[in-house]
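Novice: Sequence:
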Amino acid sequence: MSHAHGGEVIAQRLSRRGVSHLFTLCGGHISPIFTGAKSEGIEVVDVRDEVSAVFAADAMARMTGVPGVAAVTAGPGVTNTVTAVKNAQMAQSPVLIIGGAPATVLKGRGALQDIDQISLMRPITKWAASLSMVSELAPAIDYALEVATSGTPGPVFLEIPVDLLYPQAIVEEWFIKESGLDKMSGVSAKALELYLRAHLLRQFSAPYNPLKFTDTSLPLPDFTDPEKQIDQVADALARAERPVLVIGSQALVNYSPGEAASLATAVEKLGIPTFLGGGARGLLGAESDLQFRHKRSKALRAADLAIIAGFPFDFRMGYGRTFGSKTRVVSANLSQEDLRKNRRPEIGLNIHPGDFLRELSYRMGPAASRPTWFGDLQQREDARDAEIDAMSEDDAGGLVNPIDFFKRLDTKLDDNSVLVVDGGDFVATGAYVLRPRSPMAWLDPGVFGTLGVGGGFALGAGLARKDAEVWLIWGDGSSAYSLAEFDTCVRHGLAPIAVIGNDGAWAQIAREQVEILGDDVATVLTRNDYHTVAKGYGAEGILVKRKSDINRAIDKAKKLSKEGRPVVINLHIEQTDFRKGSISM
Numbered sequence: 001m002s003h004a005h006g007g008e009v010i011a012q013r014l015s016r017r018g019v020s021h022l023f024t025l026c027g028g029h030i031s032p033i034f035t036g037a038k039s040e041g042i043e044v045v046d047v048r049d050e051v052s053a054v055f056a057a058d059a060m061a062r063m064t065g066v067p068g069v070a071a072v073t074a075g076p077g078v079t080n081t082v083t084a085v086k087n088a089q090m091a092q093s094p095v096l097i098i099g100g101a102p103a104t105v106l107k108g109r110g111a112l113q114d115i116d117q118i119s120l121m122r123p124i125t126k127w128a129a130s131l132s133m134v135s136e137l138a139p140a141i142d143y144a145l146e147v148a149t150s151g152t153p154g155p156v157f158l159e160i161p162v163d164l165l166y167p168q169a170i171v172e173e174w175f176i177k178e179s180g181l182d183k184m185s186g187v188s189a190k191a192l193e194l195y196l197r198a199h200l201l202r203q204f205s206a207p208y209n210p211l212k213f214t215d216t217s218l219p220l221p222d223f224t225d226p227e228k229q230i231d232q233v234a235d236a237l238a239r240a241e242r243p244v245l246v247i248g249s250q251a252l253v254n255y256s257p258g259e260a261a262s263l264a265t266a267v268e269k270l271g272i273p274t275f276l277g278g279g280a281r282g283l284l285g286a287e288s289d290l291q292f293r294h295k296r297s298k299a300l301r302a303a304d305l306a307i308i309a310g311f312p313f314d315f316r317m318g319y320g321r322t323f324g325s326k327t328r329v330v331s332a333n334l335s336q337e338d339l340r341k342n343r344r345p346e347i348g349l350n351i352h353p354g355d356f357l358r359e360l361s362y363r364m365g366p367a368a369s370r371p372t373w374f375g376d377l378q379q380r381e382d383a384r385d386a387e388i389d390a391m392s393e394d395d396a397g398g399l400v401n402p403i404d405f406f407k408r409l410d411t412k413l414d415d416n417s418v419l420v421v422d423g424g425d426f427v428a429t430g431a432y433v434l435r436p437r438s439p440m441a442w443l444d445p446g447v448f449g450t451l452g453v454g455g456g457f458a459l460g461a462g463l464a465r466k467d468a469e470v471w472l473i474w475g476d477g478s479s480a481y482s483l484a485e486f487d488t489c490v491r492h493g494l495a496p497i498a499v500i501g502n503d504g505a506w507a508q509i510a511r512e513q514v515e516i517l518g519d520d521v522a523t524v525l526t527r528n529d530y531h532t533v534a535k536g537y538g539a540e541g542i543l544v545k546r547k548s549d550i551n552r553a554i555d556k557a558k559k560l561s562k563e564g565r566p567v568v569i570n571l572h573i574e575q576t577d578f579r580k581g582s583i584s585m
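Quick note on my numbering: the sequence shown kicks off at 1 and runs consecutively.
Note that these hints are calculated values from the structure, not bench results.
Any given hint could turn out to be false.
What the hints assert, rightly or not - Lysine-lysine pairs mimicking DSSO-like chemistry, simulated, CA-CA at most 27 Å apart:
no.	residue 1	residue 2
1	K558	K545
2	K545	K535
3	K547	K559
4	K407	K558
5	K562	K547
6	K341	K466
7	K545	K562
8	K298	K326
9	K556	K535
10	K298	K341
11	K562	K407
12	K412	K326
13	K547	K466
14	K298	K412
15	K547	K407
16	K295	K326
17	K407	K466
18	K412	K556
19	K545	K466
20	K547	K535
21	K269	K295
22	K562	K535
23	K545	K412
24	K341	K86
25	K412	K341
26	K295	K466
27	K228	K326
28	K228	K269
Sequences and hints are given; from them, build the entire structure.
Specialist: Here it is in structure tokens:
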């Protein structure tokens, strides 16, 4: 099939893989990709900061099982994405970043926005490559998407020079003009003309060399036998009296919503106490007799069998020291490194954690009854919930108690709601109270702890689930990173509801800094009028300063959102001691 330009080639390959959206911020180096995507039926979503384009692509990948794609212009366009790319790498999200670049004949000669992008991106991606021929476009896109999703998923980067994207006639005209050939004569002019025509012939007519994209790395030999290991886990689970299951984000990576639902069914069939972390939150819905949300460390210490599915033994798991001395540990992870980092499990399966749990459920009979074990865990759960309820009634000095707000919001969330969280203390408080309603309905940055994901994640969530009620829970500090994306929401017909917990501080840092060092320097903010800023971007803004205003504000925001109008609730909260003792480093 003939194509008008390279952008059409790229768009066709993306479409074949099921990519429905392209996130970007415009730039001359990549314009043909936009028009190609539009003609192929891919929705082009232009944001206000390149980092948000990658965050949005990340969210799309997490919620659909299809790789997310962002295209950014050369130089600062690429460098602006670095934080989001690293976040995707650590969150193991399959994302393709396409970066523009100067023309092939000008690279390294001081062209506009010409930098060594590959050296910058290679350490934070699974694969990074620069193209030099039009024939490479289609196979490179196919290969990049395959790399992003295979093995341990992650981001990939393709640098595509501008002269591979525009039609040959236009590129030839550029080369003649930029080289000054149209003003030259004599032997030197003839030599330059021959060089440029040879270069163009190679660019546009040379066949693709399939060896260029072959992965020459040699994987370490893996002598595990997943079939045999799953049988061993099934036997251990049948004999266990105090089993615990911990499920992390990786259990849903590359999963479609239908596959996520089947995973939830499998977990319910296993019938053992379950803790959900990261993107797995919401897997069992808001109400499940199996799900426990508090005192996970105590449960793991008391367990005789701990099954860890897609959750590394990092700081969140006490670096593998959380378990009791008699706890038998099973871990399933796509990453061989994560499978063994800090602790070697008694049974380690290098397998997709979701596939492992589904297969394990097939091999198990009816779930065993363990009333004493469930009773012990439920007693601790109820005690912690009672503590939280009591703290929600504390006086907030005339302002809003954040725990009280989250308890009220939780009762009003729609069944199809999606929760995006971006912040420190306010967000972490909400995580104790808010209950995601369904699989793939909770988006947090992941282990990197990145601030600034909110605007991009909310965009991706709204586009992945256009019928969903998207809530963006923001700290006042983190909101400033991407509040401008409410302009993007207005332009693209999206209507998330953002709640900014406004306490005039970087509270999570201030709490320990003031106590330990006796100084709040660099942690103080102003209780700004974020609701007015939202109105400036064309959204709706609501100010809430008192407890009596909470229900009215939530109801109004839900109504406005259903009418297609994005909303920002500026929630003035009092600082609390709810998370006193938490460590933010």
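Novice: For every hint, state whether the structure bears it out.
Specialist: Evaluation of the provided hints:
In summary, the hint linking K558 to K545 is supported, as the alpha carbons are separated by about 18 Å, within the 27 Å threshold. The straight-line distance between the Cα atoms of K545 and K535 is roughly 18 Å, inside the 27 Å bound, and the hint therefore holds. About 20 Å separates the Cα atoms of K547 and K559, which keeps this hinted pair within 27 Å; it holds. Only pairs whose Cα atoms come within 27 Å are accepted, and K407 paired with K558 is accepted, the gap being roughly 16 Å.
About 24 Å separates the Cα atoms of K562 and K547, which keeps this hinted pair within 27 Å; it holds. The straight-line distance between the Cα atoms of K341 and K466 is roughly 39 Å, outside the 27 Å bound, and the hint therefore fails. This hinted pair checks out: K545 and K562 have alpha carbons roughly 24 Å apart, not beyond 27 Å. Note on K298 and K326: the hinted pairing holds, with a Cα-Cα distance of about 13 Å set against a maximum of 27 Å.
Of the pairs offered as hints, the one joining K556 and K535 holds, with about 15 Å between alpha carbons and a cut-off of 27 Å not exceeded. Between K298 and K341 the alpha-carbon distance is near 22 Å, which keeps this suggested pair within the 27 Å criterion. Using a Cα cut-off of 27 Å, the hinted pair K562 and K407 holds, with the two alpha carbons roughly 22 Å apart. With a C-alpha separation of about 43 Å, the suggested pairing of K412 with K326 is violated against the 27 Å cut-off.
Among the hinted pairs, K547 with K466 is inconsistent with the structure: their alpha-carbon atoms are about 31 Å apart, more than 27 Å. Distance check on the hinted pair: K298 and K412 sit about 31 Å apart at the alpha-carbon level, beyond 27 Å; violated. For the suggested pair K547 and K407, the alpha carbons sit about 12 Å apart, so the restraint of at most 27 Å is met. Taking the CA atoms of K295 and K326, the gap is near 19 Å; set against the 27 Å cutoff, the hint holds.
Restraint check: the Cα-Cα separation between K407 and K466 comes to about 26 Å, which is no more than 27 Å; the hinted pair holds. Using a Cα cut-off of 27 Å, the hinted pair K412 and K556 holds, with the two alpha carbons roughly 12 Å apart. The straight-line distance between the Cα atoms of K545 and K466 is roughly 31 Å, outside the 27 Å bound, and the hint therefore fails. Distance check on the hinted pair: K547 and K535 sit about 23 Å apart at the alpha-carbon level, within 27 Å; holds.
In summary, the hint linking K269 to K295 is supported, as the alpha carbons are separated by about 23 Å, within the 27 Å threshold. Simply put, K562 and K535 have alpha-carbon atoms about 18 Å apart, close enough for the 27 Å limit, and the pair holds. Distance hint between K545 and K412 is fulfilled; the C-alpha atoms sit about 19 Å from each other, no more than 27 Å. For a cut-off of 27 Å, the pair hint linking K341 to K86 stands: about 20 Å separates their Cα positions.
Distance hint between K412 and K341 is unfulfilled; the C-alpha atoms sit about 41 Å from each other, more than 27 Å. As the CA atoms of K295 and K466 are separated by approximately 35 Å, the hinted pair breaks the 27 Å bound. Between K228 and K326 the alpha-carbon distance is near 23 Å, which keeps this suggested pair within the 27 Å criterion. As the CA atoms of K228 and K269 are separated by approximately 21 Å, the hinted pair is consistent with the 27 Å bound.
Hint violations for this structure: numbers 6, 12, 13, 14, 19, 25 and 26, all remaining hints satisfied.
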